[in-house]
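Engineer: These protein sequences, in sequence, are chains A and B. Numbers 76 to 185, taken from our numbering, label the letters of the first sequence in order. Numbers 55 to 166, taken from our numbering, label the letters of the second sequence in order.
Since the hints were made in silico from the structure, they are not lab data. Ideal placement from N, C-alpha and C gives every residue a C-beta, glycine not left out. Some hints could be false.
Listed next, with one range per pair, are the computed distances between beta-carbon atoms [unchecked claim]:
| no. | chain 1 | residue 1 | chain 2 | residue 2 | range |
| --- | --- | --- | --- | --- | --- |
| 1 | B | 107 | A | 87 | 42 to 48 angstroms |
| 2 | B | 107 | A | 80 | 28 to 34 angstroms |
| 3 | A | 101 | B | 166 | 21 to 27 angstroms |
| 4 | B | 62 | A | 89 | 36 to 42 angstroms |
| 5 | A | 87 | B | 93 | 43 to 49 angstroms |
| 6 | B | 70 | A | 151 | 50 to 56 angstroms |
| 7 | A | 87 | B | 124 | 32 to 38 angstroms |
| 8 | B | 84 | A | 182 | 33 to 39 angstroms |
| 9 | B | 70 | A | 142 | 48 to 54 angstroms |
| 10 | A | 125 | B | 94 | 25 to 31 angstroms |
| 11 | A | 154 | B | 70 | 40 to 46 angstroms |
| 12 | B | 93 | A | 103 | 26 to 32 angstroms |
| 13 | B | 93 | A | 83 | 15 to 21 angstroms |
| 14 | A | 103 | B | 109 | 42 to 48 angstroms |
Which stretches of chain A does chain B cover? Using the computed rule of at least three CB atoms under 8 angstroms from a CB of chain B, they are [what the hints assert, rightly or not]:
| no. | region |
| --- | --- |
| 15 | 91–97 |
| 16 | 106–116 |
| 17 | 142–155 |
| 18 | 160–170 |
With the Cβ distance kept under 10 angstroms, some of the chain B side facing chain A (calculated, not the full set) [stated by the list, open to error]:
| no. | residue |
| --- | --- |
| 19 | 56 |
| 20 | 66 |
| 21 | 97 |
| 22 | 157 |
Below, each chain spelled out in residue letters.
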Amino acid sequence: KNEVEQSPQNLTAQEGEFITINCSYSVGISALHWLQQHPGGGIVSLFMLSSGKKKHGRLIATINIQEKHSSLHITASHPRDSAVYICAVRLETSGSRLTFGEGTQLTVNP
Amino acid sequence: DTGVSQDPRHKITKRGQNVTFRCDPISEHNRLYWYRQTLGQGPEFLTYFQNEAQLEKSRLLSDRFSAERPKGSFSTLEIQRTEQGDSAMYLCASRLGLSELFFGSGTQLSVL
Chain A
76 KNEVEQSPQN LTAQEGEFIT INCSYSVGIS ALHWLQQHPG GGIVSLFMLS SGKKKHGRLI
136 ATINIQEKHS SLHITASHPR DSAVYICAVR LETSGSRLTF GEGTQLTVNP
Chain B
55 DTGVSQDPRH KITKRGQNVT FRCDPISEHN RLYWYRQTLG QGPEFLTYFQ NEAQLEKSRL
115 LSDRFSAERP KGSFSTLEIQ RTEQGDSAMY LCASRLGLSE LFFGSGTQLS VL
């Protein structure tokens, strides 16, 4: 069992829809990252959070430390949001390196 | 460009050959990480430097793999006697302390 589980693995939405991607982890963490990866490999950091909620434009990330769960929401989705979204955690026991989920492939159709 | 840069972007090699990749982090970043990613999977940790010191190595990093960061700036990752299972995207990332992580575009390795 992976220490970081994401769901769904694949998600297809229509433009304008509200999107939710979930991330669950099984051990204590110091921080959680949401990352976006476009075809060709480039990874961009979207959020780093250890509690509560953060918002940037149409993106919202929440984390519930007690439930070991985080969600990434995209409001008013657009085809340019199509990418792989990856959850990664810094485990309490792993120093500064990150442990990654397998990613969620999001496709937003016009 | 002040982002993380990796060179080359693509590398095709024959099994048994040695390859070396380079990563230039953002200049003031003291921490540098190497990750490996195969198709459809999330990145896996390989190794981590704080300044010039290699502080952690994954068990994934066999004896054929070696990484250096000689002056605490750029880093190299060398794979000796490449195998087909080494085919993957090799990603470098850097950060200052525990701040936001910045990734390079990766080096795609294909071992024939």
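Engineer: What are the numbers of the hints that this structure violates, sorted from low to high?
Structural biologist: 3, 5, 7, 14, 15, 17, 19 and 20
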